[in-house]
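J.: Chain residues, written in single-letter form:
There are 4 protein chains.
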Amino acid sequence: MEVGFLGLGIMGKAMALNLLRHGFGVTVWNRTLSKCKELVEQGASVGETPAFVINKCKYTIAMLSDPSAVLSVMFDKDGVLEQICSGKGYIDMSTVDADTSSKISEAITKKGGYFLEAPVSGSKKPAEDGQLVILAAGEKALYEEMIPAFNVLGKKSFFLGQVGNGAKMKLVVNMIMGSMMNALSEGLCLADRSSLNEQTLLDVLELAAIANPMFKMKGPAMIQSNYSPAFPLKHQQKDMRLALALGDENAVSMPVAAAANEAFKKARSMGLGDLDFSAVHEVVKTAKGSGEA
Amino acid sequence: MEVGFLGLGIMGKAMALNLLRHGFGVTVWNRTLSKCKELVEQGASVGETPAFVINKCKYTIAMLSDPSAVLSVMFDKDGVLEQICSGKGYIDMSTVDADTSSKISEAITKKGGYFLEAPVSGSKKPAEDGQLVILAAGEKALYEEMIPAFNVLGKKSFFLGQVGNGAKMKLVVNMIMGSMMNALSEGLCLADRSSLNEQTLLDVLELAAIANPMFKMKGPAMIQSNYSPAFPLKHQQKDMRLALALGDENAVSMPVAAAANEAFKKARSMGLGDLDFSAVHEVVKTAKGSGEA
Amino acid sequence: MEVGFLGLGIMGKAMALNLLRHGFGVTVWNRTLSKCKELVEQGASVGETPAFVINKCKYTIAMLSDPSAVLSVMFDKDGVLEQICSGKGYIDMSTVDADTSSKISEAITKKGGYFLEAPVSGSKKPAEDGQLVILAAGEKALYEEMIPAFNVLGKKSFFLGQVGNGAKMKLVVNMIMGSMMNALSEGLCLADRSSLNEQTLLDVLELAAIANPMFKMKGPAMIQSNYSPAFPLKHQQKDMRLALALGDENAVSMPVAAAANEAFKKARSMGLGDLDFSAVHEVVKTAKGSGEA
Amino acid sequence: MEVGFLGLGIMGKAMALNLLRHGFGVTVWNRTLSKCKELVEQGASVGETPAFVINKCKYTIAMLSDPSAVLSVMFDKDGVLEQICSGKGYIDMSTVDADTSSKISEAITKKGGYFLEAPVSGSKKPAEDGQLVILAAGEKALYEEMIPAFNVLGKKSFFLGQVGNGAKMKLVVNMIMGSMMNALSEGLCLADRSSLNEQTLLDVLELAAIANPMFKMKGPAMIQSNYSPAFPLKHQQKDMRLALALGDENAVSMPVAAAANEAFKKARSMGLGDLDFSAVHEVVKTAKGSGEA
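Protein chains in written order, with my numbering: chain A, 1 to 293; chain B, 1 to 293; chain C, 1 to 293; chain D, 1 to 293.
Worth double-checking, as some hints may not be accurate.
The list cannot tell twin chains apart, which means a pair is met if one copy fits it or any two copies do.
[What the hints assert, rightly or not] Quick list of in silico lysine to any residue cross-link-like pairs, SDA-like style, CA-CA up to 25 angstroms:
1. Lys156 x Thr200
2. Lys140 x Asp203
3. Lys238 x Pro67
4. Lys156 x Gly112
5. Lys156 x Asn55
6. Lys58 x His22
7. Lys111 x Thr200
8. Lys103 x Glu198
9. Lys155 x Met214
10. Lys170 x Ser86
11. Lys155 x Gln199
Read the hints as simulated data drawn from the structure, not as lab findings.
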């Protein structure tokens, strides 16, 4: 199977390599073309423009950094739109908002092309290991044709219906994650202030019915006040805001998520937005040296 | 090793059987003595009163239903206190409040005995499988002497320091669990009202970094509005209240747990206190037939 | 002083009448021109189009129902924009969002006109009595020239700086109001469930340092579950959402307002959006017939 | 009318003076007897012990500092209990918890005496001006006999039913007050961060339907970060905790009060417990120098 691949950032490069290793023919493009070199050594072809890649390949996957990159690759000169046409499929695996996804979808559909949004859950390591979770939505037929590629890129893919549902599903998952992070942080603080050992709490949690990889991974770092950013707090807070807005649209009352969101906002106001989202722990904790009157 | 065992309810019986199977000599007592029969068939001796068991055994484990049973077995005629003395150890694995635990501890210590509180995390199945998590606190030497028994009863035991810490650790864990249950419930509702499939959300969660056994076990039942009580909501709410009170004592602000607690209280006010704690889902959901004005 | 007046709804008619009674010359326009009749009997002139009014008067006040009416009166054929020019002032006292206000402001300024947004606090009765509170922002010189009119229309006017600040101030006030409404509702429920008389609580509140006209006006109706809409709940919830969004922009954490907002959302989900915002009381109360398990 | 008066602190002294000025015969007692001097100059008699005062007077009012003083005056040697008997009335206007009130009530009733709890709303100034609000509960006949005294001490008295209801009513009022204080604080912060003037917000609030004396009195001080204690934050938080506990007993969900309570707890953890309860503003505000990442 031949696929185009636009965008060779940390995620995109790992994904394109996986496709090559599993026998896919891959034509890559990246804004900085020199980044294509490593892929070429592994057998990839290079396309000089997005339009070139689209023209060459029946299916093209995009994995770009943000909505503005996604829009530029689509609508700029030599962009996707110049060559997309009936019979061609475009799969956007970038994480973008619903509006951007709709614009892309409409533009492609108008030209007769097929569109699938397919944001992923998982970061660098799962991308390298082909262990992503793929949240696809849009053209069902295209989803089915892409299954061989999705099987290489992820441990599981879901087809979620109409365009926008992939992004929504990601918001719901991240909202639950944000509430859980606050629950862990509050528990660690309560343990610490109640003369219990925080690490022991983590050990007990790991054996409980609520044991989960995030607690295991983030907990020890939080005890050390180590918040090197894997998922920046300001992005987590943005996702909670968008999830709450989605709830507002549909009149869903979510008081726990709302309380968690306010804690993340407090963290932003304390200048912690660029740290890992676990830095919300600094809001829950009391500054050393302070104490009860 | 010889141990006494007081209390043969669902949990106690399973635990005493495990001790027998692993070669412990066990002298059992139960308020309704006929319940001892099955244990006797497996090789146990019977003690006619708690005092008799204490007199006979160097170590006695209690697994009783609630604080009033714990106090009665200790202080009533023919109770533990009549025979406890220097050189004897008493291990209370029942779940009781800090006050009750302190009373028992003081009474035993005054007589020269050793005391360990050792509440467990886990219910019937883990008790049968010797997979409990044991949260011990009190006399450290006694904890160490009991390790062979704890190894049979649980997959892991912790020594947490002074009496009261076992109960506190359980509160912290249950508080985190209560917030997580609300996070799941809000996520399910948001998915449902946003045209996403609830079961698909559960499938995605199971592959995410926040995957945990509770979501897997409770989620599908919640979708079906099936809340047969494993852990009654009113007990979960009581634990959240106590955890928040512990936080109040120590000036720990926990807004997410507080929001979750109010949802559990709302559930109680709707008459759902005897259902499973996952019934808080009924608070978050909107009654069928209603809709936005 | 001569002024134009666009929009003779409940509020606009009362305001225009006040101006006439205090000796202003008023040229009125309304989409349904027949509504001008009563004003003419009181001495008003009629303008057949917004453009006509602008052309005739140096100052024109608009009091229109919603953003779409505001935009239509501005940009449609025979609209304000056709005649606005250097030396003329346009004062929009309608309640609109910041975006709409900005669009109007830009269009007018580009033509050389002066613009003032001046939303009001207060409804029908204060409009009739000239007791509105006027939250003006935009062109300071125009504000000062309008003071004679504002003195007739309101008990107090404020100049708040740049365009947008009038709308923001209204959001902040309404956010505080929404939290207070929930505080009252929770207090009434707690009183009722604790065997205290709700009306007595209201009587005590009226003598306390937190006594306020809203509690006095809404409290007795809430006890009776009487929620005839003065300020619809869905509008109150929208204002809380916008206030929280403003806080999000500026990283202000507001957990009490967030909790109040979720209660209003719950009320919407129960179909109460068109009732008075005090109907949030139905969320806090427990349905009759239910009770604790 | 002759009354005994126990306790001449700030409040008690002002109240006893008011009774004297309005022609009551007053026999005073205070732990430090020298404090009686000023009262004697105004015509009071002195009782050397609480028992003496009870013996002399048909009605005795107590205004003591806290539960331990209340219990000591009742049960210690030469205390109230030694002389209380059929035909005598004891009116406790101190602010105490329900348990203390119940103990006092039982002890007096057992001896044949009449009891009324009558905590007050209002502090030094209203006490001096006879403008307290009196929340009485207990023996109705005694309440009616005390009306002439209550008319002198307060602007209004309420009879609320059985013993305990006075204390409960005070909790409900203080809970609403605590939520409102947070609402004001959040509003001030939102205004400040949104380029609105905080004092202008206070000016606008004063003209709105939510205008109230507390906003007027506390608002300007909060802007100046001036929190000299009128009502200490730790007492306000204690009252919110007790109000929430009362709600828990009766299964009343109060998410806004719960969020406000967590903010007060955070303030305690920052060492602000002895400042005025308006110091919760420091929790909502962002520390100077910090800023968004």
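J.: None of the hints should be skipped; say for each whether it holds.
T.: Taking the hints in turn, this is what the structure says about them:
1. Lys156 x Thr200: This pair counts as between: shortest inter-copy Cα distance 12 angstroms, intra-copy 34 angstroms.
2. Lys140 x Asp203: between (44 angstroms within a copy, 19 angstroms between copies)
3. Lys238 x Pro67: Intra 14 angstroms, inter 27 angstroms, cutoff 25 angstroms: intra-copy only.
4. Lys156 x Gly112: neither (29 angstroms within a copy, 61 angstroms between copies)
5. Lys156 x Asn55: Neither: 29 angstroms inside a copy, 61 angstroms across copies.
6. Lys58 x His22: Within. Shortest intra-copy distance 18 angstroms satisfies the 25 angstroms Cα cut-off; inter-copy 65 angstroms does not.
7. Lys111 x Thr200: neither (59 angstroms within a copy, 32 angstroms between copies)
8. Lys103 x Glu198: Intra 48 angstroms, inter 27 angstroms, cutoff 25 angstroms: neither.
9. Lys155 x Met214: For lysine 155 and methionine 214, the Cα distance is within 25 angstroms both inside one copy (18 angstroms) and across copies (22 angstroms).
10. Lys170 x Ser86: So lysine 170 and serine 86 fail the 25 angstroms test inside a copy (30 angstroms) and across (52 angstroms) alike.
11. Lys155 x Gln199: The answer is between: 18 angstroms across copies meets 25 angstroms, while 31 angstroms in one copy does not.
Consistency with the previously given hints fails for numbers 4, 5, 7, 8, 10, ordered from lowest to highest.
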